[in-house]
Amino acid sequence: MRYVRWLSLPLWLAGLYLALLWVPDIRALGVSYRIFYIHLGVAWTALLALTGNFALSLAALLSKGRQAALDRFAQASAEVGLLMTTATLASGMLWARVAWGAYWTWDPRLTTTAIMWFLYAGYLLLRQAIDDSGRRRVYSAVYALIVFIDVPIVYLSVRWWQSIHPVVFTESGMTITGQMLFAVIVFFFATLVLALDLISLRVTQEGLRQALDERRAERFERLGY
Amino acid sequence: MTNVERQFLEFVFLAYAAVFILIFLFVTYVWRRTRSLERDLAALRDEEAAEGES
Chain A
1 MRYVRWLSLP LWLAGLYLAL LWVPDIRALG VSYRIFYIHL GVAWTALLAL
51 TGNFALSLAA LLSKGRQAAL DRFAQASAEV GLLMTTATLA SGMLWARVAW
101 GAYWTWDPRL TTTAIMWFLY AGYLLLRQAI DDSGRRRVYS AVYALIVFID
151 VPIVYLSVRW WQSIHPVVFT ESGMTITGQM LFAVIVFFFA TLVLALDLIS
201 LRVTQEGLRQ ALDERRAERF ERLGY
Chain B
1001 MTNVERQFLE FVFLAYAAVF ILIFLFVTYV WRRTRSLERD LAALRDEEAA
1051 EGES
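Line by line, the protein sequences give chains A and B.
Under the numbering used here, the residue at position 138 of the first sequence is numbered 138, and the numbers go up by one with no gaps.
Each number in the numbering used here comes from the position in the second sequence (counting from 1) with 1000 added on.
Careful, some of the hints might be misleading.
Per the computed footprint, the stretches of chain A lying under chain B, defined by three or more beta-carbons under 8 Å from a beta-carbon of chain B, are [claimed, not checked]: (1) 31-41; (2) 94-100; (3) 140-153; (4) 170-179; (5) 189-202.
A short list of chain A residues far from chain B (calculated; beta carbon distances all over 10 Å) [what the hints assert, rightly or not]: (6) Y3; (7) L16; (8) L20; (9) W22; (10) R27; (11) W44; (12) W106; (13) I115; (14) A129; (15) S157; (16) W160.
For the record, the hints were derived by calculation from the structure and aren't laboratory data.
Note that the Cβ used here is the ideal one computed from N, Cα and C, for glycine as well.
Model the full structure from these sequences, guided by the hints.
Next up, the structure:
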């Protein structure tokens, strides 16, 4: 992971260059549509991180001996997913103000994304509320399996319902040029590498916290408290 | 540059800045917390070593 970390910076620099300078403007929205690149990068990464949370929670429930490690990864994925969802909502609201004239509309894509934010904030609150690590692991994994239903709904909402939110991949093909797609892909990989690094940092930190808790408990027991 | 063009640029700047600030705050929180845990663990090890010697 240490080596992957250093890949993030050149990818971000390349992504910024491509998105802000290399790709031409769109006539209707001028320079403002360039928000699209960072918005799409963080949005796709959020959906992937939360899908990772689902897979890791399922694995933690089914696993026999590695529940603690899988649970730590699931928690970190949810945290990074929530961070990326917050970034998606923030950049999306600013773009909406320019494109639609309002920061927020109750469009299906926006509404389902806001619901997703609250569901995963609830996941982290649930984890905070349970002291016993075994119960926390099982309850949060079951909760994660249930709330994941909203993640594919967020993706499909613009296809299922009438929406003013732009769509990149439609049945009749892509709605963006090859040049734009290249910039999108570079930005997506930049955010993905960063997300993986953040997940790895949080997992290491949680491992450290658990080691400290166990050592403290052992010491208290030894000293007869 | 027209007023509309300037407003477009401002919103691009705000959107990128918002994402960077969010990520920066998260990274800062994680690093500070890790440092604090490492310090606590080192202090605990020192205390245990001192107890072992006495």
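Fill in: Enumerated hints in conflict with the structure, sorted upward
Violated hints (numbers, rising): 3, 4, 7, 8; every other hint is consistent with the structure.
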